[in-house]
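Let the sequences and hints guide you as you build the complete structure.
These protein sequence lines are chains A and B, in that order.
Take the first sequence: its letter number 710 is residue 691 in the numbering used here, and every next letter is one higher.
Take the second sequence: its letter number 389 is residue 400 in the numbering used here, and every next letter is one higher.
Watch out, some of these pointers could steer you wrong.
Under the rule of at most 30 angstroms between Cα atoms (straight-line distance), these lysine-lysine pairs were calculated in the DSSO-like manner [unchecked claim]:
1. A/Lys714 with A/Lys87
2. A/Lys674 with B/Lys344
3. A/Lys595 with B/Lys344
4. B/Lys344 with A/Lys593
Facing chain A, a subset of chain B residues (Cβ under 8 angstroms, in silico) [claimed, not checked]:
5. Ile49
6. Asn79
7. Tyr150
8. Ser411
I should point out that these hints are in silico values taken from the structure, not numbers from a laboratory.
Using N, Cα and C, we set each Cβ at its ideal position, and we do this for glycine too.
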Amino acid sequence: MENKYWRSVDELQNGKPIDSELEEINHKEDVLHLSEKQINTPASRRDFLKFMGFSVTAASLAAACERPVTKAIPYLIKPEEIIPGKSSYYASTYMEGSDYCSILVKVRDGRPIKIEGNELSTFTKGGTSARVQASVLSLYDSARLQTPTHLGKQISWEQLDKEIIAKIQEIQTAGGATTLVTPTIYSPSTRAAIDALIKSFPSVKHIVYEPISISALVQANKQSFGISAIPDYRFQDADLIVGFNADFLGTWIAPINYATRYMDKRRLTEGQKTMSRHIQFETTMTITGSKADKRQPIRASDEKIILAALYGKLSEKLGKAISGVPESPVKIDFLAEELFAAQGKSLVLSGSNELECQILVNAINLLLGNIGETIDFAHSVNLKKNDDAEFAQLMEQLNSGKPQGVIIFHANPVYDSPVGAKFLESIQKAALTVGIYDRLNETSAALQYLCATNHYLESWNDAEPTTGLYSLAQPTIQPIFDTRHFQESLLRWAGNTQAYYDFIRATWLTKLYPKSDSEASFETFWNKALQDGVLEIAEKDELKFAYNPKIAEEVIPKIKAEKNDSLEIHFFESIAIGSGSQSNNPWLQELPDPISKMTWENYAAVSPKLAKEKGWQNGTVISINRKINVPVVIQPGQNYDSISVSYGYGHSNMGKVADGIGVNVFPLQSVDGTSVLNFVTITNYAPTGEVVKLAQTQEHNSMEGRPIARESSLEEYLKNPSSGNELHEEFEKKHLTLYDDPQFDGYQWGMSVDLNSCIGCGACIIGCQSENNIPVVGKKQVTNRRIMHWLRIDRYYSENPDNPKVFHQPVMCQHCSQAPCENVCPVSATNHSNEGLNQMAYNRCIGTKYCINNCPYKVRRFNWFRYVTNKAFSYNMNEDLGRMVLNPDVTVRERGVVEKCSFCVQRIQDKKLNAKLENRPLRDGELQTACMQACPTKAIRFGNLKDPKSEVSILKKDARNYHLLEDLHTLPSVGYLTIIRNDKEESKS
Amino acid sequence: MYKTEVRGALITGDKDFKQISTDIIQHMEGKPPLWWYIALGIALIAASVGMWAIFTTVAVGLGTWGVNNSVAWGWEIINFVWWIGIGHAGTAFSIFLLILRQKWRTSINRAAEAMTVFAVICAAIFPALHMGRVWLAFYIIPYPNTRGPLWVNFNSPLFWDFIAISSYLLISASFWYLGMLPDFATIRDRAKSKMKKAIYGLLAMGWDGSTKNWLRFESLAFVLGGIAAVLVVSVHSIVSTDFAVGVEPGWHATIFPPYFVVGAIFSGFAMVMTLMILIRKLYKLGDYVTDSHLTAIAKILTFISLIMGTAYLTEVFVAWYSGSPYEMHTFFKTRIFGPYAFEFWAMFICNAVIPQLFWFKKIRSKIWWMFVISLFINVGMWYERYNIVVTTLAQDFLPSNWTTYHPTSVEIGIYVGTLGIFSIGVLLFFRYVPMIAISEVKTVLRLGKKTKAH
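See below:
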């Protein structure tokens, strides 16, 4: 009979109130309710009447089918910052392994519910990625570690610290070592905390482990230039970008940063008339390849041969011909010519983890004079600096017989190392194994101690992604569980009792404050940095180049252009899942791959030609090297003799979402010396006889000759800006109507999508999902084509299926001024606002689905099932914890109603109210929809079409602007800008 | 009395008035035959399957069906249109032939009207169930309400549909029931048990066979017939606007209203033929449902089949002539030569080609041929609706949305259920209502002239 009020999940589960004050409040309120004792006393006549009165009322209420009323309790003492119903934004930093993004966290009533890009950051420029957007859901994941444990049993932090310190000491005394395994640490304060631990225990060693390694890049830089660093790639200064299996727009090192700068050089709005040219050599089709002006499929193992040949050709052109250059398996004459013409203005990149490749790339860049021009070592990137040799050493060390301790933070080598199984065996021998994780994984299962660490949204932290650029992370919620900062654990073991917050402040006071030219007090300096989330200090790495110009000549003779006919399996990082550390996030699992449009599993990407030869079709399950069984996806643009499979699937101990879907390919990787290579020869393959249905969100890849995504070449565009878009004018002329033009009051909301800028990365999809409470439907319903995403990105191919042109086209509700959906709804549940919004009244909808059928864009979504509190859809919306991510401004839709993109009407309303309170019109650009906010390349713009000076109005008048299916005269409020490719006639093959 | 020279006798076997009453009513008086029980059992099982499917749909959601984000309508709309089409015949049959004073309708109209009522009831199940929130279906009724008041969207074809179907059901049920009054009185007068007398007495509404009764009966029949005649044309025209008002390729066509009305009459007449052949065989009513009746239906079917063929070809021609790439894709690349070629050709052959066999006298005078062809027509008409609903949605404007649709056991279950409900209705009709309009059939009896035994 006692009502239980709780303020945090922790309190609910452990039953202990947050503080005595609350207890007192609870107690006072309890008085208002009948206590156990009162009920058990014999009933008096008055009680009888009271109860009868209550029962009659209750029965009549129940009979009237009223839904239960849940009452919210107002604050007794209201915290100053929190206004119920108002969101606050806190600048913070997203750090997941080596993924970095400067962000704003939207906090509503004490809960972080949405991640936005931080526009003050010069590194990410307000851009985000799908993983960044989805990370807020991982905070509310019930699979997170909730307490520190020892051998699976809960243990107190004090006890844990005591035992671990004792063990480290013991190992040190016995002459052993304790190794701290972390992903790349680019947080100055974390580095300081690690140093503090090492200082206390000299036997502690720190190694960096990255599941998807680029250690060859750093090594090569050391060998070529004498600098072990990752330079800053200045995409904005390069006229010609040549990538070799480097998916720099999607997954490689700092994709958000690269995408923003890459697009700055290619965006044709605001009077810009030039574009960089991009040539991509890659094995499977990635979004980077899909945006390239020219793309060439290659075998991953041929990369070094091509690079050697290219180096040879370039040397020849520069009059320094060298001998012994192998013959390239693909045409590169045009490439040598173009690169030769763009000396000092080009950028050659390789994503390979083969030392030879990276050395050759360095040599080529050096030859072309790109070092210091487009490749800047003075501002090196700190995000992914590992050395594969370190981990190999750890393995040796563990098997050396000496007592060993291992402390692993975040890394999951049992799952994602090629020698994971061996590592699992070796680690059992260690005297001390500690995992510092925020969630369970395959490695954590084998460790003695688990220190539950905070989610990044509960943490203080700092970061230095690149030289001179610092950012701060601040907690936006009290730790939900009994967790502790990773750094605090290290500090405790080092005997430091400081809170990590104080430790960061101390680091900043001693290290950064003096470097900055800030004249304000430290407190002001700190507050400013905290508020902005970022701090820039004009510093440069000190460079001591030690060129080794002969190194390429040393490497080339080792490269043999052997004819190798066997198939090769190549592994790649997918946009959504990456290395798999966020695999238990259902938003990411359900994000369609930008290229294959696959969800919920990995697959074998096979070229159309190979599939035809082998008689495989989409969904044919094949076994590879007798180790994995994966379904085939026929992937246009895939290299003919390579099969590509993505990392990050096939988990066994990550949580109910991640476990058991797809296959883990990390153990299949080969190791060359110490370098982990992402390709290996296929020794055995065969179809298993099974054919499965794929959870693909798009099954048809051709535009069927329809003018859907329009394109032109730069050359044509410069001659005639509306080239490729001639139909627009023609259709505009033909528009005749009997009806009056639609009229709008004050605003007419409109959107512009620049298809040339869109890289298809899917950040907008997750941004929209997070903003609009879009449910996850699971693999089966995706297979049934019932995905709920309000915003989808259509992907089309054209021309040669072996190496097609690719089109990405985000499609959301077009908010047609003559909307076909509106007039067919029998109950007017969908109708038009006076500001041009096509709106849905969920309460009114009876679900005839006629609007879905009559929408030519098919952007409407139907709630086929109840997706909330339904065991059949056991994702975040089925748990109290998971539902905390829901946006209170957006209705959670019931079964049987239709929903769709609302142009984030809640944001429009919010900003309009703000403007009204301040008695001013809304400023252009003030209002951003979730998709627009998430976009790293500013492809989506939103605003008032009635204001002739607004960005969308200007874009609407652009010669590249057209509307989707404009011949239907639906008069959409969304405009698209044509794709312009920097084609060169001579290089067309 | 009425004579027909061209068509031959409409009642054979030397009947007198009493004999006619006895012939028809005897089936309601004795025990039903064994096959009736078996058929009823099967129908009940089918209806139960339907009930399970309906329960699942309402309890779990429309997700139990195979429809998806692109093809949001499937079997439920196909079957709705199909049943409505079948439900056309009865009224069309009675009314048009009544207005045209075609007396040969008398043996058939009662059963046809009964069929109409059951078919429309079956049809009405589908649009209700296909709503995501069927419990709020009343939102579609325009009445002053406490919700604003919120009015319906008078522009929406679905609203027109609701009005058209409910008025059609009302009028055809009234027409059918009121037409039965004299016969109910006959049964009442012949009834031996008190209970039966009371029930049929109530149903007969005090019919006493007076001239005044007959006079009013006749005028009511004409008034209702007049209203119903309009409805027959309007109801399927309006159903067609569910598609024709849409923008989708293959839907957005002005030919739809007449094409749908003719198609509906076509399927309805085919169903009448199926049913009359069954009645004739099962109840040995060959004297009333003669070869000449069936031949007359066959001739009408042949003619309508020509119209259907013309309509199909017109649609294809217009799709080509429009120059619209979407229309052309739907007709040529989706239907005629595309992934749905089987469904298209099944429709075309069943509806436009097979009925042409009736040109041969041998075929149109063989009952089993007629039976089989009438079934083919109904299958063909089902495929016509499949073509319209599914193939259009499966491949419409943006290829990224293209997908396929397959019904689930729940959708099939609902269809089986409606077949069961329809059969139950028909079986109960056989048993408790005179299946041939006794009073009307008597008007076509040639008294005093011997006809050759059939």
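Now for the hints, and whether the structure bears them out:
1. A/Lys714 with A/Lys87: Between A/Lys714 and A/Lys87 the Cα gap is close to 45 angstroms, so the pair fails against 30 angstroms, i.e. violated.
2. A/Lys674 with B/Lys344: 24 angstroms, holds
3. A/Lys595 with B/Lys344: 28 angstroms, holds
4. B/Lys344 with A/Lys593: 23 angstroms, holds
5. Ile49: 39 angstroms, violated
6. Asn79: Since chain A brings a Cβ to about 4 angstroms from B/Asn79, closer than 8 angstroms, the hint holds.
7. Tyr150: 5 angstroms, holds
8. Ser411: 4 angstroms, holds
Hints 1 and 5 from the list above are not met by this structure, while the remaining hints are.
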